[in-house]
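**Student:** What follows is each chain in one-letter form.
There are 4 protein chains.
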Amino acid sequence: MMQMKPWKDVLSELEAGSAERESAPERPHDVVDRLRGTGFLALRVPRAHGGADASLRRVFEALIDVARADSNVAQALRAHFAYVEGLRFAPSGAFQAITDGSVIGNAITEPTGAAAGDFAGLSTVFTRTGDGWTITGTKFYSTGTLYADRVWVWGVTEQGVPASALIPLDRPGITVVDDWDGFGQRASGSGTTHFAGTPATTDEVVVAGSEPPPRLAIGAFLQLWLTAVVVGNLEAASNDAQTLLRGRRRGITHGTTELPRHDPVLLQQVGDIASKAYAARVIVLDAASLLDDVDARLHAGELDGTAAQEAGRRVAEAKISVERLALDAATALFEVGGASATRAGANLDRHWRNIRTLASHNSTRIKARVIGDHVINGSDLPDNTYF
Amino acid sequence: MMQMKPWKDVLSELEAGSAERESAPERPHDVVDRLRGTGFLALRVPRAHGGADASLRRVFEALIDVARADSNVAQALRAHFAYVEGLRFAPSGAFQAITDGSVIGNAITEPTGAAAGDFAGLSTVFTRTGDGWTITGTKFYSTGTLYADRVWVWGVTEQGVPASALIPLDRPGITVVDDWDGFGQRASGSGTTHFAGTPATTDEVVVAGSEPPPRLAIGAFLQLWLTAVVVGNLEAASNDAQTLLRGRRRGITHGTTELPRHDPVLLQQVGDIASKAYAARVIVLDAASLLDDVDARLHAGELDGTAAQEAGRRVAEAKISVERLALDAATALFEVGGASATRAGANLDRHWRNIRTLASHNSTRIKARVIGDHVINGSDLPDNTYF
Amino acid sequence: MMQMKPWKDVLSELEAGSAERESAPERPHDVVDRLRGTGFLALRVPRAHGGADASLRRVFEALIDVARADSNVAQALRAHFAYVEGLRFAPSGAFQAITDGSVIGNAITEPTGAAAGDFAGLSTVFTRTGDGWTITGTKFYSTGTLYADRVWVWGVTEQGVPASALIPLDRPGITVVDDWDGFGQRASGSGTTHFAGTPATTDEVVVAGSEPPPRLAIGAFLQLWLTAVVVGNLEAASNDAQTLLRGRRRGITHGTTELPRHDPVLLQQVGDIASKAYAARVIVLDAASLLDDVDARLHAGELDGTAAQEAGRRVAEAKISVERLALDAATALFEVGGASATRAGANLDRHWRNIRTLASHNSTRIKARVIGDHVINGSDLPDNTYF
Amino acid sequence: MMQMKPWKDVLSELEAGSAERESAPERPHDVVDRLRGTGFLALRVPRAHGGADASLRRVFEALIDVARADSNVAQALRAHFAYVEGLRFAPSGAFQAITDGSVIGNAITEPTGAAAGDFAGLSTVFTRTGDGWTITGTKFYSTGTLYADRVWVWGVTEQGVPASALIPLDRPGITVVDDWDGFGQRASGSGTTHFAGTPATTDEVVVAGSEPPPRLAIGAFLQLWLTAVVVGNLEAASNDAQTLLRGRRRGITHGTTELPRHDPVLLQQVGDIASKAYAARVIVLDAASLLDDVDARLHAGELDGTAAQEAGRRVAEAKISVERLALDAATALFEVGGASATRAGANLDRHWRNIRTLASHNSTRIKARVIGDHVINGSDLPDNTYF
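Residue numbers (numbering that gives the first Met the number 0), protein chains in the order written: chain A, 0 to 386; chain B, 0 to 386; chain C, 0 to 386; chain D, 0 to 386.
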C-alpha cells in the first residue's frame with residue numbers, strides 16, 4: 000500500500016529502539032509521525048476519497064506488523080481506525096481529515112463507569128451556545144489521544160440526547176494527561192482527557208437521530224484490534240527467542256552440544272514458539288475476514304444480525320485461543336535463554352507485560368462462558384464494545 | 000460441488016451411526032460408497048476432465064467436514080487424493096478412473112522399513128513378462144485399500160529401477176488383510192496388502208524416467224491430510240460436548256444452577272472447547288492455502304523450493320498447534336459430562352483415541368526441533384512424505 | 000507390612016498380565032485373592048485386633064503401588080477400606096471378618112439418584128422379620144462387589160430410618176451383575192447388585208441411633224482413594240514411556256541420534272513425565288497425612304470441623320492438580336513412541352481411559368469453584384461422600 | 000523456633016510494604032534485620048551450639064513463608080544457609096558468627112565463567128602474606144552480599160590450590176556493587192563484589208585438603224532453595240488473586256452475578272490457583288525431606304551416592320513441576336481482576352517477574368533431559384551446584 004517507502008523499511012524504523020523506548024519514560028511521538036506518510040492510516044478510506052479501500056483482513060495484517068514493531072503505537076491507533084469504520088457509513092464521509100494525515104484519538108470511557116456502549120450514563124455534557132456547542136467532562140482510558148491530532152468525544156446534550164464530536168486537540172479547554180499507570184502497554188497513551196468548556200462547531204457535532212446507521216460488529220472490530228496487538232507481541236517474542244538462542248556464545252550446563260543454538264531441546268522450544276506465532280496470526284486474520292463479510296453485507300444494505308453475531312463469536316473465540324498461545328510463548332521465551340535473558344536491559348519481559356495488559360481489557364473466561372451459553376442455550380451474544 | 004444431494008445431507012448420512020460403527024468390528028464400506036456420487040472424490044480433477052478443479056483449501060474444508068462425520072473414512076481417502084495430486088502433473092492425466100467414481104488405495108510402506116520416500120529400499124518387485132508385468136511383495140499401513148477399487152503400488156524393477164502402478168483390486172494375487180490393530184482409527188483400513196505375482200499391463204506401470212515431474216510439497220500435503228482429520232475429530236468432540244451438556248437432566252452435585260446446562264463453569268468449558276475447534280480449522284485451512292500457492296507456482300512452471308519449504312514449515316507448525324488443541328479438547332469434553340459420559344456405549348473416548356493415533360504418525364516434537372533448526376541455523380527442511 | 004512375601008514381589012505378580020487382562024473380558028479375581036495373604040487388606044485394623052494399625056499415609060502409599068500394578072483392583076477395594084475406617088469408631092469393632100481375609104464390597108448408590116450421603120432418598124428397604132431382617136432393593140456403581148466376600152448395603156427401614164448391614168455375598172436373594180460399561184476401569188466390578196428379600200441377622204444390621212459416631216472426612220477419604228488410583232495410573236504411564244523409548248530399535252525420522260533412546264528431545268519428554276509422577280504421588284501422600292491428623296483428633300474425641308474441612312479442601316485440591324498431571328502424562332506418553340505405540344495390543348491407551356474414567360466421578364471444575372467460594376466468601380465446604 | 004515474637008507476626012512485618020519496596024529502588028535492609036532476632040537464621044545450627052537443629056523440611060517450610068512475604072529477602076539468604084550446611088560437617092563448627100546473628104553473603108561466581116563447582120577456573124587469588132592472606136578478584140551474582148555481615152569467598156592460591164574464606168564485609172578492599180539488573184528479584188542484592196588485596200587471617204581461610212569432607216547434594220540444596228522461593232511467590236500470587244476478587248466492587252461485564260466475588264467462573268479460577276499453591280508447597284517439602292535423609296546418612300558416615308542422586312533427581316523434578324504451576328498461576332491471577340489489576344501501582348506483575356527470573360537460573364528443560372537420560376540410559380546425574 001505504501002507509496003513512498005517500502006512497508007518493510009517502515010517497520011524496521013518502527014522497531015528500532017522499541018525495547019528501549021518501552022522501558023523509558025519516552026513516548027513514541029516520532030513513531031506515530033513516521034506512519035503518517037505511509038498510507039497506513041488511510042487504508043480503510045474509500046478510493047473515491049483518496050484511500051486504499053483495503054479489506055479489514057489487510058488492515059489487520061498490517062496492524063500485526065506494526066504491533067510486532069511497536070506494540071504501544073499499534074494500540075494507540077485503535078480509536079483512529081474505529082472512527083474511520085463509522086465514517087464509511089456516514090452519508091457524506093468527511094475523510095479529508097484522515098487523508099490529510101491526521102491521527103484520531105478517543106475520549107469515550109468515563110471514570111463513573113457507564114456500561115459498555117451506554118450513552119445514557121455519560122456525564123460529559125454538550126451544551127448549545129449561540130453558534131455552536133461547548134463540551135465539558137472528563138474521560139479516562141483515552142488511548143491514543145496523546146499522539147492524536149483530533150479527538151473523538153462522546154457525551155450527552157443537556158436534554159440527555161447522545162452526542163459526539165470530532166475536534167482538534169489544540170482546541171481551548173482540552174488537557175491530555177499521560178497518567179496511564181499500566182505495567183504493560185506503558186506508552187499507549189491511555190491516559191485521562193479533560194474538557195473544560197471546549198467549543199465545537201455545529202458541523203463537528205453529531206446528535207442522535209442524525210448519526211450514521213448502526214454499525215453492527217463494531218465491538219468485534221474493537222476487540223479484534225486488541226487481539227491483533229497481542230499477536231504482534233507474540234511474533235516479537237518468537238523473534239526475540241530466535242535472536243536470543245542464536246546469540247548465545249557460552250555452552251549451556253548439562254547441554255549436549257557445544258553451542259546452545261544446536262541443542263535439540265532448545266531448538267524444539269524455538270520451533271514450538273514459532274508454531275504458536277503462526278497459529279495466532281492465522282486465527283486473527285480469519286476473524287478479520289469474517290468482519291469483512293459483515294462489512295460487505297452492511298454496505299449491501301443487509302443488516303444481518305446473524306452474520307454479525309457469528310463474527311462476534313469468532314472474534315471472542317480468537318481472543319481465547321490467541322491469548323493462551325501468546326502468554327505461553329512470552330513465558331517460554333526465557334527457556335531458550337540463560338539467566339542473562341532476565342536482565343532488565345534486554346527488556347524481554349515486556350512481551351508478557353504487554354500481552355497480560357491487553358488481555359485484561361475484558362475477561363476472557365467470561366467470554367468463554369457467554370459463548371457456551373450461546374451454543375448451548377441459544378442466548379444472544381452481546382452487541383457492545385466489550386464483546 | 001455436490002450435484003445430487005446437498006453436502007450437508009451427505010454429511011448427516013455419514014455421521015449417522017459413526018460412533019456405533021467405530022466400536023464394532025463393522026467397516027464403513029457403505030459410507031465410502033455414499034461419497035462416490037457426491038463429486039467429493041473428483042474435487043481436484045481439472046474441469047476439462049470432468050472434475051471441479053477445486054482449490055486445496057476447498058478440499059481440506061470438505062475433508063474436515065467428512066472427518067467430523069466419520070474420522071476413519073476421511074483418513075482412508077488420503078492415498079486417493081494424493082494420487083490425484085500427482086496425476087495433475089502427468090502429461091496425459093488418466094482421470095477417467097477418478098471421475099468414474101473409483102476410490103484409490105495405497106500399497107507403499109513396507110514392513111522392512113525403507114526410509115521415507117526411498118524407493119531404493121523397497122522389496123516389492125515389478126517383473127517384466129511377455130506383454131506386461133507381474134508384481135510381488137507385501138505392504139503394510141496400506142490405509143484405505145480396504146475400501147478402494149484400485150490400488151497404487153510402489154516397488155522396483157528387477158534392475159532396481161523405481162516403478163509404480165495403479166491396478167484394480169480384483170486383480171489376481173492381491174490379498175487385502177484388515178489387520179490394523181490401532182486403538183484409534185480402527186476402521187481406517189490401514190492393514191496389510193499382499194501381491195503374489197499380480198499381473199499389470201504396460202499402460203498401468205510407470206517406471207522411473209517416464210513419471211511426471213517431481214511434485215514438491217507432496218509430503219506437506221500428506222501430513223496436512225492427517226492434521227485435517229484431527230480437526231474433524233476435534234469438531235466432533237466439541238459438538239459432543241455440547242450435546243452432552245444440553246442433555247443432562249439431573250442437577251450436578253455442588254453446582255449453582257438447577258440444570259447443568261446453565262452452570263457458568265460448565266458453559267465456560269464448552270465455550271473454551273468451541274474456541275479450540277475454530278482455531279484448529281482456521282490453522283489447517285491457512286496451511287492449505289499455502290499449498291495452493293505452491294501448486295499454482297508448480298503449474299506455472301516455477302519449481303520454487305522456497306515456497307514449498309515455507310508451506311512445509313507451516314504444515315508442520317499446524318500439526319504442532321492443532322494436535323495440542325485437539326488432545327486437550329478431547330480430554331476436556333468429559334468435564335462437562337458426569338460419570339455416565341464414560342460409558343463405553345457413548346463411545347466418547349473415540350475422539351481422543353483417534354486423535355492420539357493420527358498424531359502418532361510422525362513425532363510432533365521432533366518436527367518442532369527441525370523447525371527450530373531451520374529458523375535458527377538455516378538448515379533445509381526435509382522434503383519427504385514424513386514432513 | 001507384608002509377612003509372607005516381599006511387597007515388591009506381590010506387586011510384580013499383580014502387574015504381570017495387567018495390560019492384557021484390561022483389554023479382555025477377564026476379571027482379576029486371582030489378583031484380589033493374591034492380596035488376601037499379604038496383610039494389605041488389614042492395614043488399618045488396630046494391632047489389638049490383629050492388624051497393622053498403619054497410618055493412612057502408609058495405606059495410600061501401598062494403594063498407589065497396587066494401582067500402578069492393577070488399576071482396577073485398586074479401585075475395587077475402596078469400599079473395603081472405607082468400611083474399616085468406620086469400624087475403627089464402632090464401640091465393639093468387628094474386625095474378625097477383615098483379619099480373616101474377607102474383602103468387603105459396597106451396595107450404596109441407587110439408580111434413582113438420592114443425593115450424596117442422603118439416606119432419606121434410598122429406596123432399598125430393611126424389613127423386620129421374626130428374628131431378623133430382610134433387605135430388598137437395587138444398587139448400582141457397586142464397585143468391588145464382584146470380588147468381595149461380604150457386601151456393605153445401605154437402605155432405610157419401613158419407617159424410613161437409615162439402616163445398613165454387612166452380609167455375606169452368598170446370602171440368598173443377592174445377584175451381582177457385572178454390567179459396568181465404562182471405557183476405563185473396565186474390570187473394577189462397578190456393576191449392579193440386586194437384593195430380593197435377602198435375610199440379615201440383627202447382629203448384622205445397624206440402625207440409625209445405634210451406629211458409630213459420625214466419621215468426619217469420610218468423603219475426603221473416599222475421594223482421595225480415587226485420586227490415588229489416578230496416581231497409580233500415572234506412574235504406570237511413566238514406566239511405560241520409559242520402557243517404550245528404551246525398546247525402540249529403529250532410528251527416528253528427522254532425529255539427531257542413531258537410537259531414539261539417546262534423542263535429547265525424547266529424553267526431555269521422559270524426564271518431564273517422570274516429574275509429573277513424582278509430583279502427583281507426593282501431593283496425594285500429603286493429603287493422606289492430613290487425613291491422619293483428622294483421624295487422630297477424632298480418636299482423641301475432638302470433633303474438629305475445621306481440621307476436617309482443611310483436609311477436605313486439600314483432598315479436592317489434590318484432585319485438581321493430580322488429574323491434570325495424569326491426563327497430560329497419559330497423553331504425552333505417546334510422544335516418545337512411534338506409530339506402533341498405538342497398537343491395541345500394547346494397550347497403552349488404558350492409562351488415559353482409566354484416568355479419564357476415575358476423574359469423571361465428580362466434577363473437578365465444580366470442586367475448584369467450591370474451593371474458591373470457600374476461600375473468598377467463607378462458604379462451608381460440603382461434607383458428603385462426593386467432596 | 001521463634002523466641003521473642005510469634006513467627007506469624009514476623010511474617011506480617013516482612014510482608015508489609017513488600018510490593019511497594021519491590022517497585023522502588025529501595026533495598027530491604029530493615030527486613031533482613033528483622034529476621035536476625037527470630038532464630039530463623041540459626042535454624043540449622045546444632046543445639047549444642049545454640050541453634051534449633053531443625054530439619055531441612057522445617058527450614059524450607061519457614062523459607063516458603065519468608066518468600067511469600069518478601070521474595071527478595073528469601074533469595075538473599077541462600078548463601079547463608081548453604082554456608083551453615085557446610086559448617087555442620089566441619090570438625091570444629093564455627094557457629095558463633097551464626098548464632099550471633101550474622102548474615103552470610105557469597106562471592107563465588109566469576110564473570111569469566113568457570114564451570115559449575117569448578118575451582119580450577121577461578122581467577123580470584125588468595126596470596127600468602129607474612130601472617131595471613133590477601134584476596135584479590137571480582138565476583139558477580141553475589142546474591143545476598145548486600146545485606147550480609149560476612150562474605151564467603153572462593154578462589155585459588157597462587158599455586159592453583161582451591162581456597163575459601165569467611166570474612167567480615169567491612170574488611171578493607173571490599174566493594175559491594177548493587178548492579179544486579181534483573182526484571183525480577185530486583186532487590187535480591189545479586190550484584191558484583193570486588194576484592195582488592197583484602198586481608199584475611201589464617202583462621203579464616205580454608206585451603207583444599209583441610210576442608211570438611213565433601214558435602215553431597217549441596218547442589219540439590221541450593222537448587223531447591225530457588226524452587227522454594229518460587230513457591231513463596233506462587234502463594235503470594237494466590238493470596239493476591241483472592242484479595243483482588245474479594246475487593247472488586249463493580250459488576251463484571253457479561254457476568255452472571257451482581258458482585259464478581261460470587262461469579263462461579265471467577266471462583267473456579269481462584270480455586271484452581273489455590274490448588275496449584277498447595278501442590279507446589281507439598282512438592283518442595285517432600286524434596287526437602289529427601290535432603291534430610293541424605294543429611295542423616297552423611298552424619299552417620301554413609302557417603303551414599305545413590306541417596307544423594309535420588310534426592311538430586313527429585314529436586315530437579317520439583318523444579319520442573321513447580322515452575323510450571325507457578326508461572327501459570329502468576330499469569331492466571333489477572334483473570335480474576337479487571338483492567339485495573341494491571342496498574343503498575345498494584346505491582347501484581349512482580350510475581351511473574353520474580354518467578355521467571357528465579358526459574359531462569361538453570362534450564363528446566365535441560366534438567367528434564369538429564370533426568371530422562373538417567374532413567375533411560377542409567378547416566379549419572381550431575382553432582383554440582385547447578386543441578
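Simulated from the structure, these hints should not be mistaken for lab results. A few of these clues could be false.
[Unchecked claim] Among the chain B residues that face chain C by a calculated CB cut under 8 Å, a handful are:
#, residue
1, Asp177
2, Gly181
3, Thr252
4, Glu334
5, Thr341
6, Arg342
7, Ser362
8, Arg368
9, Val369
10, Val374
11, Phe386
Backbone N, C-alpha and C fix where the C-beta goes; we use that ideal spot for every residue, glycine too.
**Student:** Run every hint past the structure and note whether it holds.
**Tutor:** Outcome of the hint check:
1. Asp177: 13 Å, violated
2. Gly181: 5 Å, holds
3. Thr252: 5 Å, holds
4. Glu334: 6 Å, holds
5. Thr341: Holds, about 4 Å.
6. Arg342: Holds. Min distance 5 Å.
7. Ser362: 6 Å, holds
8. Arg368: Nearest chain C Cβ about 5 Å off; hint holds.
9. Val369: 5 Å, holds
10. Val374: 15 Å, violated
11. Phe386: Hint on Phe386(B): holds, closest Cβ of chain C at ~7 Å, below 8 Å.
Against the hints set out earlier in the document, violations occur for numbers 1 and 10.
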